[in-house]
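Chemist: Residues per chain are reported as follows:
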Amino acid sequence: MNLQGVTVSIAIIGLAVLMDYLLGDPPNKFHPTAWMGKLIGILEPSFRAENPKVEKIKGALFAISVICIFLIPVYVVLLLIQRHLPLPTCILVSAILLKLTFAVKSMKDASLRVIAFLRNGDVQRARKHLSRIVRRDTSGLDQGLMLSATVECVAESTVDGVTSPLFYFALFGVPGAVVFRVVNTLDSMIGYKDPKHVHIGWFSAKLDTLLNFIPARLTAYLIVISASLVGKNSRNSWRILRRDRSKTESVNAGWPMSAMAGALGVRLEKPGHYVLGDGGETDCKHVIQALQIMMLSVILFLTIVVTPLCLWRNT
Amino acid sequence: MGSLIKLARREIPTLEPCKHGGEVLEVARTERKKPEEILDFSANTNPLGPSPKALVALRDNLKQISFYPDPASFPLRLIIARKLGISTGNIIIGNGSTELIRLFAEVFIERGDEALIPAPTFGEYEIAVRKAGGKINFLKLDPAGFCIKADEVVGQFRKRTKILFFCNPNNPTGQLIKRKDMLKIVKEASQRNILVFIDESFMDFVNGNERFTLIRDVRAHPNLFVLRSLTKTFGLPGLRVGYGAGCEEMIELLHRAKTPWNVNVLAQIAAVAALGDDEYMVRARQLIVREREYLSRGFTKFKHLRVFPSDTNFLLLDIRGTGMTATQLKKELLRYGILIRDCSPFRGLDEYFVRIAVRRRKENARLLKALGAILKSERWTKRHINEVLKAGRVLGENRACKYYPCHFDGQDCTWCFCPFYPCKEKSTGGEWVKSGSGVVWSCQNCWWVHQPEVARQILEELLKIAEPLEKISRKKLIGIRLKILEGREK
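Just so you know, the sequences run in chain order U and L. In this text, residue positions in the first sequence follow this note's numbering: the first is -16, and each later residue adds one. In this text, residue positions in the second sequence follow this note's numbering: the first is 170, and each later residue adds one.
Looking at chain U on its own, in the form it has when it is part of the complex (with noise of 0.2 Å):
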């Protein structure tokens, strides 16, 4: 085994979560995530055709071009660091792009600022922060609502936001994390079922829910377990994962989606879509206990899955 290789892996994890845990993300100007998203909207125009066959398969060719503008660049910074700094730059680089394309406190701090409208009774203003973070229209949404959304978004986040990008960095290190943070983004774009983006965006899609397959499915059972832990309803939670999570018309959304929500013992809705759960109406403290769970989620990630599979890679 690769002792070294183990341990710098593990280091790189280990700085990159105290770095989200201490600072969160750095504001959109400064965020390449948002860069990618720019990027996205301005090359999209020119890789449209009239042809739909021809428009899937130039989506494709731009999802792969855009991976490639991020991609490459990482690689080739990393391997000339790794030839000519110091390890201990190394790891520091390495932690700040793998950091990149995870957020945990952004996250929290996002949802808990709808809460802290709802609670103090400014509906208006927790409408307009629950809708930078979903991308359903939250204008009709009542109080239950929008907590639903919040929750839900909580559950989603905790695989395409964090143990998604986690997984493929155990895997492939950080362009596996990086490529990972490309496609989901691409997908957050232009991954939608409407007239105007099937065909360019399905290929994006696609590969975003190919990558989240796996993180999806585990993510899903560590929130049971998490659910336990916290003293939640771990085993309502199981019940509702077996019999909700194909509701949804994602195959991966419906699996944290539906832990979360027998894990709280609430209803999940997206008026018109699906209904996950059969408990009572989502209420602030549940969105407290989402966290909650969210966060251990991710530590048992990161310690039944990440670290065997750094283990692993450097046999």
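Simulated from the structure, these hints should not be mistaken for laboratory data. Treat the hints with care, as some may be off.
Stated by the list, open to error - Partial list, computed: chain U residues near chain L (C-beta under 8 Å):
#1 Ala(-6)
#2 Ile98
#3 Arg102
#4 Asn103
#5 Val106
#6 Tyr175
#7 Lys268
As the list claims (entries may be wrong) - Dumping the calculated PhoX-like pairs for lysine-lysine here, alpha-carbon to alpha-carbon at most 25 Å:
#8 Lys268/U - Lys328/L
#9 Lys41/U - Lys21/U
#10 Lys111/U - Lys595/L
#11 Lys644/L - Lys12/U
#12 Lys268/U - Lys39/U
#13 Lys309/L - Lys268/U
#14 Lys645/L - Lys268/U
#15 Lys328/L - Lys309/L
#16 Lys41/U - Lys253/U
#17 Lys88/U - Lys595/L
#18 Lys88/U - Lys593/L
#19 Lys179/U - Lys36/U
A virtual CB, placed ideally from N, CA and C, is assigned to each residue, including glycine.
Use these hints to put chain L onto chain U, whose structure you have.
Modeler: Chain L in isolation, oriented as in the chain U frame:
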């Protein structure tokens, strides 16, 4: 006769007078005290009080009030010019430096022109520009240190920018802009035909001010105007007198537009006498350096206060760590006969900043002691909260409070002081914010306790315990908070 508002110039109806410190006479009236009984830390004037030479000259020349004053204050300008080594043609005298701010804006601003003004700074520049019909582009300073950087200023120049206003050292932060930076700004501005107005009202209190002032540079830079106060320097705020320096052409323009006899006989006489009192200024500067150090060390000992570094005769304090607003602290200190400056009217500062002038040792010690008594025992919050508990009923909307509604219309004012502070729990909007060199728990975005229903529940829960606040453990308090939060949701 129609509405008079329609007859006024269009800038006037929207003007709002600036709120200033130093309101000893008003406070004395409302607090039913004699003005001498109030210790004024709110006005940044000379800690030694009025210059003794000025007082003597006033007494000896009282009879001169039967004459018109010299319309252009010539003798006073002569003395100032000699002192500075420039000519009388470079100097204009105002009825307090504020008059010159207005005059300058009126002479140079045309409708549609823009002025660049840092925030926070002295509020009169804004009003002067607005009154003259100009627009304002605010340069928002970073609250971490409120530094003004030359590059940032230059980057803000726009097509219609006409005047830059600076206060150096800045009021209320006390920070100096370096001479090098200031000169850079003046030069860049000159290339774009922009005027630079530097208010050096507090420069006389800066130790080694020769190295910082630009007043002797007015002849080399025709776009530069430097303002000085005599009111503050010589402790004569009741007399109103200040001066400005600029190139001869600029001063000539200002003289054309100014009010005749703007500076009264006595003010001219007192200023002439005071300017001859060099020893008095040397003593004042020494005192300020020493006492500023004493005060700022004293403030640093209170862990809830953040002191901003100052180069002049006042200190800016961030008090949010106390959980008390500036208004509340000001009110508490008035019980001790001490007046401080509540900085919430300053654009760019929130309700948690106060400004303290540096005074003499005995007086400074009195302030520190009073502050200690208020803060250390946290008596202010406890007393207020315990009064509520004793009364046993919610206060409802306190519309008599001049800050109502500080959060939202219909708010309940029972918990003007939050009994849970600092809960350190983000779910109702509280958060850690940077302040000075550290972080403090800020409740700026939490108005949970002001919802009438919540206020009532908190009171009920606290009454159940039937103990004064200081006997209830923090853990128990946080437990109550959580219970109410979650109970309301089920």
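Chemist: Work down the list of hints and note, for each, if the structure agrees.
Modeler: The hints, checked one at a time:
no., hint, in the structure
1, Ala(-6), "27 Å, violated"
2, Ile98, "5 Å, holds"
3, Arg102, "5 Å, holds"
4, Asn103, "5 Å, holds"
5, Val106, "12 Å, violated"
6, Tyr175, "33 Å, violated"
7, Lys268, "5 Å, holds"
8, Lys268/U - Lys328/L, "53 Å, violated"
9, Lys41/U - Lys21/U, "19 Å, holds"
10, Lys111/U - Lys595/L, "18 Å, holds"
11, Lys644/L - Lys12/U, "41 Å, violated"
12, Lys268/U - Lys39/U, "44 Å, violated"
13, Lys309/L - Lys268/U, "38 Å, violated"
14, Lys645/L - Lys268/U, "19 Å, holds"
15, Lys328/L - Lys309/L, "19 Å, holds"
16, Lys41/U - Lys253/U, "32 Å, violated"
17, Lys88/U - Lys595/L, "12 Å, holds"
18, Lys88/U - Lys593/L, "16 Å, holds"
19, Lys179/U - Lys36/U, "14 Å, holds"
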